[in-house]
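J.: This is what each chain is made of:
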Amino acid sequence: MGAVSLTNIVKNFGSFTAVQRMSLDIPEGAFVSLLGPSGCGKTTTLRMIAGLLDPSEGDITIAGRRVNDVPIHKRNLGLVFQNYALFPHKTIAENVAFGLKFRGVSRDDRERRVREALELVQLPDVGSRYPGQLSGGQQQRIALARAIVIEPDVLLLDEPLSALDANLREDMRVELKRIQQRVGITTVFVTHDQSEALALSDHIVVMSKGRVEQTGAPEDVYTTPATEFVARFLGASNIVEARCLAVDGDGVTVEGPGVGRLTLPRERAPQVAGPGPVKLAVRAEKLKLEPAGTAGTAPDDADDLILDGLVETVDYQGLAARYFLRVGDVQLQAINMIDSHPFAEGERVSLRLRPRDCTLLAGSTQ
Amino acid sequence: MSLEEREARQPVLLLTPAITAVALLLVVPLGFILVYSFWLRTATGADQAGFFLDNWREALFDPFYRDILLNTLKIAAVTTIVCALTGYPAAYFIARSRGNKALLLLLLMLPFWISYIIRTMSWINILGASGAVNSGLMALGLISEPLPMLYNEATVVLGLVHFLLPFMVLNVFVSLDGIDATLEDAACSLGATRWRSFLEVTLPLSLPGLAAGGLLCFVLAAGTYITPIVLGGPSDAMFANLVFEAIITQLDWPMGSALSLMLLAVLGALVLLYNHFLGMAQLMKGLS
Ligand SMILES: Nc1ncnc2c1ncn2[C@@H]1O[C@H](COP(=O)(O)OP(=O)(O)OP(=O)(O)O)[C@@H](O)[C@H]1O
Ligand SMILES: [Mg+2]
Numbered sequence: 031m032g033a034v035s036l037t038n039i040v041k042n043f044g045s046f047t048a049v050q051r052m053s054l055d056i057p058e059g060a061f062v063s064l065l066g067p068s069g070c071g072k073t074t075t076l077r078m079i080a081g082l083l084d085p086s087e088g089d090i091t092i093a094g095r096r097v098n099d100v101p102i103h104k105r106n107l108g109l110v111f112q113n114y115a116l117f118p119h120k121t122i123a124e125n126v127a128f129g130l131k132f133r134g135v136s137r138d139d140r141e142r143r144v145r146e147a148l149e150l151v152q153l154p155d156v157g158s159r160y161p162g163q164l165s166g167g168q169q170q171r172i173a174l175a176r177a178i179v180i181e182p183d184v185l186l187l188d189e190p191l192s193a194l195d196a197n198l199r200e201d202m203r204v205e206l207k208r209i210q211q212r213v214g215i216t217t218v219f220v221t222h223d224q225s226e227a228l229a230l231s232d233h234i235v236v237m238s239k240g241r242v243e244q245t246g247a248p249e250d251v252y253t254t255p256a257t258e259f260v261a262r263f264l265g266a267s268n269i270v271e272a273r274c275l276a277v278d279g280d281g282v283t284v285e286g287p288g289v290g291r292l293t294l295p296r297e298r299a300p301q302v303a304g305p306g307p308v309k310l311a312v313r314a315e316k317l318k319l320e321p322a323g324t325a326g327t328a329p330d331d332a333d334d335l336i337l338d339g340l341v342e343t344v345d346y347q348g349l350a351a352r353y354f355l356r357v358g359d360v361q362l363q364a365i366n367m368i369d370s371h372p373f374a375e376g377e378r379v380s381l382r383l384r385p386r387d388c389t390l391l392a393g394s395t396q
Numbered sequence: 026m027s028l029e030e031r032e033a034r035q036p037v038l039l040l041t042p043a044i045t046a047v048a049l050l051l052v053v054p055l056g057f058i059l060v061y062s063f064w065l066r067t068a069t070g071a072d073q074a075g076f077f078l079d080n081w082r083e084a085l086f087d088p089f090y091r092d093i094l095l096n097t098l099k100i101a102a103v104t105t106i107v108c109a110l111t112g113y114p115a116a117y118f119i120a121r122s123r124g125n126k127a128l129l130l131l132l133l134m135l136p137f138w139i140s141y142i143i144r145t146m147s148w149i150n151i152l153g154a155s156g157a158v159n160s161g162l163m164a165l166g167l168i169s170e171p172l173p174m175l176y177n178e179a180t181v182v183l184g185l186v187h188f189l190l191p192f193m194v195l196n197v198f199v200s201l202d203g204i205d206a207t208l209e210d211a212a213c214s215l216g217a218t219r220w221r222s223f224l225e226v227t228l229p230l231s232l233p234g235l236a237a238g239g240l241l242c243f244v245l246a247a248g249t250y251i252t253p254i255v256l257g258g259p260s261d262a263m264f265a266n267l268v269f270e271a272i273i274t275q276l277d278w279p280m281g282s283a284l285s286l287m288l289l290a291v292l293g294a295l296v297l298l299y300n301h302f303l304g305m306a307q308l309m310k311g312l313s
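Line by line, the protein sequences give chains G and B. When you line the first sequence up against the numbering used here, it's residues 31 to 396, in that order. When you line the second sequence up against the numbering used here, it's residues 26 to 313, in that order.
Among these hints, one or two may not hold up.
Unchecked claim - Under the rule of at most 25 Å between Cα atoms (straight-line distance), these lysine to any residue pairs were calculated in the SDA-like manner:
(1) Lys-126(B) x Ile-336(G)
(2) Lys-120(G) x Trp-220(B)
(3) Lys-131(G) x Lys-99(B)
(4) Lys-99(B) x Pro-259(B)
(5) Lys-318(G) x Gly-304(G)
(6) Lys-131(G) x Arg-221(B)
(7) Lys-131(G) x Lys-126(B)
(8) Lys-104(G) x Ala-237(B)
(9) Lys-120(G) x Ala-237(B)
(10) Lys-126(B) x Ala-206(B)
(11) Lys-104(G) x Leu-232(B)
(12) Lys-131(G) x Leu-224(B)
(13) Lys-318(G) x Ile-336(G)
(14) Lys-126(B) x Ser-45(G)
(15) Lys-239(G) x Ala-266(G)
(16) Lys-131(G) x Asn-159(B)
Since the hints were made in silico from the structure, they are not lab data.
So that you can see chain G by itself, here it is in the shape it has in the complex (with noise of 0.2 Å):
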């Protein structure tokens, strides 16, 4: 087991910058995900670590030792890809053995070996099978026992869940959950699907276009977004221009189209130190859609904001809905669940919206 650190990691590929001064501290036993658009660069980054690319500047050290010139088959490593790369010529067991092999493993102790990560991937009477005849989703099980069966000191993985069907990841997630918390190794695991990167993650590494754009617990990375592309990327995000009036002891006021003046605690705004324009990022299942008059009639909430809004379009999606609102000059949108039935379009309906639940950006500098 080991930890894994980047230091100022650049990769370029002739003229092209694919991964721009990164540098990331992955503690020991972590689960870390990087999170990001396609081509962002969270697969260069992942066969940095491998030692399939070399970074064109940089340190990379595992488990404290430097590996920068450290070829791949001496690294450690398990690596497990999206198309599984099993080798279709070899048995089950042989793929799983494969890696015991080099590692001087006798033959009884392979053969253990090999048995106990088939049960550990719950297939354990696939041995004597090829891969072709297992399905997509056994076929990534093996693949992870064939990883993790060499006791590698950090498991990287590259999508390993994208290639299945939508239930089938969702089983996969939380097997690898199980998996890697029995196991307790570092991982690093490669995603461009934020529902994977939030149940999953101890941390979560927000990238875009080759930087950084936040690091964090999963929590902080959804409620307290550090950037507009971060506020978006995480599930559904309404993000106003605004512009801030004051900043005070105990809190941030901002005024802005549709949503009025109101005033934010103070962490809500690490980014914003004066007067100026802002952004308000306000996630789309913190608008509490209400029928029209009704709202402002409790006591304990005295601070919610409470708006006027025009359903304009209506995404119906079983277990809630998703509105297109029109709030004075702009348009928000909101997640509900639905009580008993959804909102119609046309209809007018009260919005209410808590400060606290908003984040402030620092406003476009152009």
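Given the coordinates of chain G, work out where chain B with the ligands should sit on it, guided by the hints.
T.: Chain B with the ligands only, in chain G's frame:
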């Protein structure tokens, strides 16, 4: 007619032109040759129709023919091995190169735009008494007399390799190109060196292509008669030269027919053998 019936008929319809062509251009002439091989050429030069086994007896039991057949198979085998050893790395390089694959494949096809005979004869300008190598060595003063480099078995093999290498490279390339490059990455991550991961993963998975290229090279090499004429010495005749000699020079069609059928039978047996092993390879492919 239901869709299912139409689909069932489709292969037949689509194959009809090809089957007709094969029947008319291959099976019928082959039938003629088979019949011819039992005729006999008389002393007057006319062919006598009938059922004589004389040609076959001679073709099968005369040590002259047997030795040349064995030599032909040996030359074909050496050619195939040289093609495999030199072609595989080239195919691997093309399959693993990024971006310029198409250009490299085009370069590979380039020789086909020049006549095979001209390509073969070009070796005379390189290795001949007044060819590039000899004049170069003489100009440098390393030798005073031209070295005799042409007209031996080695130059026949050289000419054949020159001719057949692209077939080998293409076949191996197709098979390598179909192998997921992450398989080797996976093998390396598990502790295999690049070389071990090649031996354990890539090589076995590319064997079908190597076998296909090998078969093609062997059959084409064993059936050649131009290369030995252009680049071989008097004792380097290959089996197809005997057929050529019998039919074109001596106008002995019955004997030529028997000889060509014999070569066909030997190479046919080889294809069957290959088919047996390819069956296994296909099985492995089907598993992936
Ligand atoms: N070998 C390479 N040569 C040139 N450019 C490359 C190479 N590998 C990756 N890139 C570029 O680097 C960028 C980052 O690629 P990377 O594969 O890391 O993206 P990713 O975040 O994994 O995306 P995805 O979610 O689509 O897998 C992309 O723009 C890609 O085109
Ligand atoms: Mg990727």
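J.: Next, verify each hint and record whether it holds.
T.: Do the hints match the structure? See the list:
With a C-alpha separation of about 63 Å, the suggested pair Lys-126(B) and Ile-336(G) falls outside the 25 Å cut-off, and the hint is violated. A threshold of 25 Å between alpha carbons decides the hint, and for Lys-120(G) with Trp-220(B) the separation of about 18 Å falls inside it, so the pair holds. Between Lys-131(G) and Lys-99(B) the CA atoms are separated by roughly 39 Å; this puts the pair beyond 25 Å, and the hint is violated. Our distance criterion of 25 Å between C-alpha atoms is met by Lys-99(B) and Pro-259(B), whose separation comes to about 17 Å.
Between Lys-318(G) and Gly-304(G) the alpha-carbon distance is near 29 Å, which puts this suggested pair outside the 25 Å criterion. The hinted pair formed by Lys-131(G) and Arg-221(B) meets the criterion: a straight-line CA distance of about 11 Å does not exceed 25 Å. Using a Cα cut-off of 25 Å, the hinted pair Lys-131(G) and Lys-126(B) is violated, with the two alpha carbons roughly 35 Å apart. The straight-line distance between the Cα atoms of Lys-104(G) and Ala-237(B) is roughly 36 Å, outside the 25 Å bound, and the hint therefore fails.
For the proposed pair Lys-120(G) and Ala-237(B), the alpha carbon gap of about 22 Å is at most 25 Å, so the pair holds. With a C-alpha separation of about 15 Å, the suggested pair Lys-126(B) and Ala-206(B) falls inside the 25 Å cut-off, and the hint holds. The hinted pair formed by Lys-104(G) and Leu-232(B) fails the criterion: a straight-line CA distance of about 28 Å is larger than 25 Å. Taking the CA atoms of Lys-131(G) and Leu-224(B), the gap is about 14 Å. The hint holds against a cut of 25 Å.
At roughly 10 Å between alpha-carbon atoms, Lys-318(G) and Ile-336(G) fall within 25 Å of each other, so this suggested pair holds. A hinted pair counts as satisfied when its Cα atoms are at most 25 Å apart, and Lys-126(B) with Ser-45(G) qualifies at roughly 21 Å. Pair hint Lys-239(G) plus Ala-266(G) holds up; C-alpha atoms about 20 Å apart against a cutoff of 25 Å. Restraint check: the Cα-Cα separation between Lys-131(G) and Asn-159(B) comes to about 54 Å, which exceeds 25 Å; the hinted pair is violated.
The structure shown violates the earlier hints numbered 1, 3, 5, 7, 8, 11 and 16.
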